[in-house]
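Engineer: Make the full structure from the sequences, and use the hints.
Per the working numbering, the very first residue in the sequence shown carries number 19; after that it's consecutive.
Computed cross-link-like contacts, PhoX-like style, restricted to lysine-lysine with a CA-CA straight-line distance of at most 25 Å: (1) K150 / K138; (2) K153 / K64; (3) K150 / K64; (4) K30 / K64; (5) K153 / K138; (6) K138 / K97; (7) K134 / K95; (8) K69 / K150; (9) K30 / K150; (10) K138 / K105; (11) K199 / K95; (12) K69 / K30; (13) K153 / K30; (14) K105 / K153; (15) K150 / K105; (16) K64 / K138; (17) K134 / K105; (18) K105 / K64; (19) K205 / K95; (20) K134 / K97; (21) K69 / K153.
What the hints contain is simulated information worked out from the structure, not anything from laboratory work.
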Amino acid sequence: MSENNIFYRMSKITEEISVVAKNLSVGYGKNSYKAVGEADVLAAVKPIEAKYGVYSYPVSREIIDSGVLTTAGYDGKEKNQMYMRIKTVYRFLCIDNPDSFIDIESFADGVDSQDKAPGKAMTYADKYALLKAYKIITGDDPDQNMSEELKAKKRMQTAYPPRAEMEKFVAENYDEENLTKILNYYKVNSLGELKLEELIVAYNKKKR
19 MSENNIFYRM SKITEEISVV AKNLSVGYGK NSYKAVGEAD VLAAVKPIEA KYGVYSYPVS
79 REIIDSGVLT TAGYDGKEKN QMYMRIKTVY RFLCIDNPDS FIDIESFADG VDSQDKAPGK
139 AMTYADKYAL LKAYKIITGD DPDQNMSEEL KAKKRMQTAY PPRAEMEKFV AENYDEENLT
199 KILNYYKVNS LGELKLEELI VAYNKKKR
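Structural biologist: Take a look at the structure:
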């Protein structure tokens with residue numbers, strides 16, 4: 019097989035790059051986890067691509083979906099975040115034979131409370147295009163494990179419902195005196211610090 023084609027060169031790169039370590043820490047406390055950062059992937063790929071004469075780059079991007087996500091924060095208040103889903107076509111080109119190239123489609127979501135959603139989506143799309151193209155092992159399997167970030171959001175939404183739901187339950191079942199006793203019992207200053215199930219437990223005790 020001729021060496022001046024992208025299939026040969028990418029196969030040689032795949033042989034040399036096997037594992038990229040998880041050096042990126044995401045989140046805080048018990049919700050933190052290790053991940054593979056874009057810098058780690060580029061550090062592993064760039065010198066080997068240069069060695070075998072391959073250049074890779076995003077040749078096109080397309081916005082698939084975008085909008086605003088509303089989630090519940092730890093304080094019970096609703097939080098709006100911008101999200102964007104993009105499709106990137108990532109090209110791998112044989113430098114000595116530009117007519118020999120491979121295009122790989124990569125999809126990614128970006129979520130941010132300010133203006134970084136597009137940048138996050140592009141970063142994720144590029145990173146995963148490289149990981150999949152060269153069959154790089156990270157230990158991650160998104161089909162088997164829900165991401166820690168999604169798990170944390172799910173816990174937040176379950177444990178701390180929107181304030182309107184909390185206030186409705188309190189208005190229907192508590193007077194001011196009983197509510198003060200509950201806040202004192204749990205040693206908190208406001209409803210936003212309580213979980214709905216804590217109020218339900220207290221309500222059941224109150225009925226006895």
